[in-house]
Structures are given as C-alpha cells and as structure tokens.
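Its first residue numbered 1, the sequence shown is counted upward by one per residue in our numbering.
The hints are simulated quantities; they were obtained by calculation from the structure and are not laboratory data. Quantities reported herein were computed from a predicted structural model and do not represent experimental measurements. Backbone N, C-alpha and C fix where the C-beta goes; we use that ideal spot for every residue, glycine too. Take these hints with a grain of salt, some might be off.
[Said to hold, decoys possible] The following label-pair restraints were derived from C-beta to C-beta distances: (1) 189 <-> 148: 18 to 24 Å; (2) 46 <-> 139: 18 to 24 Å; (3) 149 <-> 184: 32 to 38 Å; (4) 247 <-> 273: 35 to 41 Å.
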Amino acid sequence: MSRLSIAFGVALWSSPAFALPVHSIIQERFYKNTPNKNAPYTPPPDAGTPTPTGGTGSRGGCVNIPDLPPTAALVGQPHLMLTTSDRPVFWIYVPYTPEEAPSGLLSLQQGDNAVYEGTFSLDSADAVIPGVVGIRLPETAPSLVAGQEYDWFVEINCMAAIGNDVGFSDTTVTLDGLVQRVEISEALASDLSQAKTGLDVVAVYGRHHLWYDWLTALARLRLEADSNPEWSRAELNHSALETTWTTVLSDMQTVLLETWSREPLVGEVVPAMLQSNRGESGNQSQKQENRKQGQTP
1 MSRLSIAFGV ALWSSPAFAL PVHSIIQERF YKNTPNKNAP YTPPPDAGTP TPTGGTGSRG
61 GCVNIPDLPP TAALVGQPHL MLTTSDRPVF WIYVPYTPEE APSGLLSLQQ GDNAVYEGTF
121 SLDSADAVIP GVVGIRLPET APSLVAGQEY DWFVEINCMA AIGNDVGFSD TTVTLDGLVQ
181 RVEISEALAS DLSQAKTGLD VVAVYGRHHL WYDWLTALAR LRLEADSNPE WSRAELNHSA
241 LETTWTTVLS DMQTVLLETW SREPLVGEVV PAMLQSNRGE SGNQSQKQEN RKQGQTP
C-alpha cells in the first residue's frame, strides 16, 4: 500500500530524534513474539458525546478530485489531542498528487503566541501523495510544554480551477487541530515496560488515551511492515495492523474518521523553519482567527 522507500522506513525507526518516548521498546521487541492483535483507542472518561466533524478538513478552493475524500486532519474529535511526545507528528490526508499540491505550511500556536512555523514539500520520495502523511514537528521547533494546549494548522498549497482550466494559484486548504503534551505517569511507564511487541505498545497508548502516540506508533509499524516484506511475513501479520487502524478510525462512537480509514499511508515529512519576521504575535493572532473562520490568511 505504501510507496515509502525501504531506506526511509529503516531511518524512521533508527533515529532517536524522530522517536516516541518508547522507541527502544518497539525497536527491540517487534521482531519477537506474536503481536497483540487488539490495540484499540479508548477516549478519556470525560470525552463526552462525539459529533461529526468531517475530519476538520475541506477542499477549500482546490480542484475537486473525483472518488477521493476531501483533505482532512486525522483528529476529528476534541479528545483526540493527547501526546507524551515533545515534538509529535500531525497526520493528515491529502487527495492530491505532488503536481496538484506541491507544498504546505505547518504552524503551531499557543493562544496569541506563535511557537513554530515551517514549510514542507509534498514532492518527496519520503511520502508520495495522495494518501495519509505525517507532518513531524522538527528538532528546530521548541519542545511542547507538558500541561499546555496548542493549536496547530496545516495549509496545503493546491491547484485551483481558473475558468475552464486548472492552474496553480494562491489557493490553500487549511486543516487544524489541538495537541496537549502530558507527562508519562507511573501507570503508563509500568504498562510500557511490560509491552512485548510494537502492537503491545500501541495498545498501551490506546488505553491511556494518547491519540497522537497511538496513531504515530501504529502508522510507523504499518510503514515498517510495508517497507520490509520479509519481516512482515515472518514476524507480523500486516493485515492485523491495517485492521486495527481501520477499525479504530471507523469507530462511530469515539473517532468518526471512517471516510479516511482505508486511504493509503504514505510516510512522514519534516518542515523547514521559515526564516522571516512572520512570528510577530499580532500577525499570528489574526492569521489564527482567519484560519478558524475558514478565511484565506
């Protein structure tokens, strides 16, 4: 399913800078034992009743792609916001080819304060769209502070219909979500220490309501299985990974992302920080309001 290169898959798992807190547990154990075939995500007890959100995405002014879902952020519900990572990965779905959507912009804000802003390419061998792609907050970005809530925005530069033609314009489609870092509790640390496989780790994240960690750990297992057919056949039931992903995203009681649950998973990209004066809090505050209201910044 994935068009991610084998080299990228290996690098993704072997680089500590891109890892979740329990990277070593997954790396050391996913060649052993029979994986946990049940790794659901459980929302927090106070999550409330979910309401359909459409994946917090839309086509904006972008050209319509027949038979494909609209652009979306894989968050959906307000409770899908917790992580233990100081630099998490934000997963989105892009229905366009690199020619139709060559680049994007990731912004991270806390209230009126700009935390990070960087551009990324979607014309990359690391993640060939269309499909689900992870936007990884890079090492150049400040670490998320535990207990603080952040807004994140992704703007995709896309092709727009101009008259009877389709051409590149300043049109963008904007996605958004919330993220909050939490400390690793004693209970979480204990559960992680007992995890024997990659899917065990995914299951632990799910039980502790850590949506970003759950999604990223499972996505990386799927990408690794796609990149390593021999490993996949010998040690891991690839269909179990895909079934777990599809089942949770399709859960109409908690997640409500069924529309995007069967789209291909293509990899991760890393933004490069903008070298400009766009970090002024006043400008960023106005841009944030524009994005939330669906206006072009």
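List of violated hint numbers, smallest to largest: 2 and 3
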